[in-house]
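Here the structure of chain A is known, so what remains is to put chain B in place on it, guided by the hints.
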Amino acid sequence: QKEVEQDPGPLSVPEGAIVSLNCTYSNSAFQYFMWYRQYSRKGPELLMYTYSSGNKEDGRFTAQVDKSSKYISLFIRDSQPSDSATYLCAMSPYGSSNTGKLIFGQGTTLQVKP
Amino acid sequence: SAVISQKPSRDICQRGTSLTIQCQVDSQVTMMFWYRQQPGQSLTLIATANQGSEATYESGFVIDKFPISRPNLTFSTLTVSNMSPEDSSIYLCSVEWDRPQETQYFGPGTRLLVL
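Residue numbers (the working numbering), protein chains in the order written: chain A, 2 to 115; chain B, 174 to 288.
If you are wondering where the hints come from, they were derived from the structure by calculation, not from laboratory data.
A virtual CB, placed ideally from N, CA and C, is assigned to each residue, including glycine.
The hints are all genuine.
Computed spacing ranges between beta-carbons, pair by pair:
1. ASP67(A) x PRO212(B): 28 to 34 Å
2. LEU246(B) x SER69(A): 38 to 44 Å
3. LYS238(B) x ARG78(A): 43 to 49 Å
4. SER232(B) x ARG78(A): 36 to 42 Å
5. ASP184(B) x TYR40(A): 19 to 25 Å
A few chain B positions that, by computed beta-carbon distances, are all more than 12 Å from chain A:
6. GLN201
7. GLY233
8. SER254
9. ASN255
10. GLU259
11. VAL287
The calculated lysine-lysine pairs, modelled on DSSO-like cross-linking and capped at a C-alpha distance of 27 Å, are:
12. LYS68(A) x LYS3(A)
13. LYS238(B) x LYS102(A)
14. LYS43(A) x LYS180(B)
Next up, chain B with everything else stripped away, as it sits in the complex:
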C-alpha cells in the first residue's frame, strides 16, 4: 500500500483566514481524493484531485471555498478559504490503489479548529 503524509497535522485558525493542507504520497498514483470528517459524522467526499486538470467537486462543495491543486502524481493541496467555525473538521486525503481494485488508502488527517 501507499504511504501518505499530510501537513499540517493540526491547526487552529481565525475565522476569515485560509489554510492550505498538503498531501504527499510515496508512489505515483492516478486518483487522489479529499474528504471531510465532521465530529460524529461519516466521511464525506469533497472532490477528486485530477493531475493536470481541474478538480471534480461533489455536490455541496465549490472551488471558491475549497480550491485544489494537483501539480504531479504524488502531491496535492486543499485550501479551506474564508474559514468559519463550521469548517472545523478533520480533512483527509486518500489515494486509490489498484490492489485490490476500487479501494482507497488514507492519510493521517489534518485536524482544523476555526475560532
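With the rest of the complex left out, here is chain A:
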C-alpha cells in the first residue's frame, strides 16, 4: 500500500465548476500538507500549505485537512481553463529530522473546458 493515494484522473469539468481534489494517507506522523500545481513541461509550483488539521483559503482555492480520517482535499471555486494542470498532494512528518522527506501523491490531471 502506498503511503499517499491520489486518483490520477483525468478529471474534466466545465469552466466555472467547483473542483474537488483529494488524497488519502496512511502515516499518522504526517503534519505538513501541501498542494502543488504542475503545468505541462514545468516543475511543480507550491499552491497551498497547511499545518496539522483545519482549513486554509487563498482566493479561489481552499485546502482542508482531516487528520482523523487521514484525508486532505483541495477545492477550486469558479474553475478556469488556466487551472488545467496536474495537482500533486505532498506530505511531510513533523520535525526537522525529517526535513526533505516529502511524500507525494501520484497527481490528478485536471482539465477545465471553456
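Then chain B, alone, in the frame of chain A:
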C-alpha cells in the same frame, strides 16, 4: 521564494553514457534535493545534496549510479551514470525554504530520454 534553474532542460542520450544535470539557485539555501518523476508516477526523492559532505541517498538509489556534487550553497549537480532506457524520466531539483516551514520549491526539471 527562490528562483531555481536547471540545465539542460532536456536531452536525448544513448544507453551506456552519462549525463550531468546542473541546478542553480539565486539564494543561498541549506537543503537541496533531487527527485525523479517517471511517466505517470509521483515524484520520488533520489537524494539530499549536502554542502561540504556526501549526499544522503534514499532506498533504491546509490551513489555509483547517481553521483551528486554540492560545492556551495547555491549549486548542485546530479549525474545519471551508465544510462539505460529505464532512466528516461524527468529529473527535478528542489530547495527547502524556511517560509513556510518544511516546504520545497522546485526547478523546471530536466527531461531525459535514453535510447
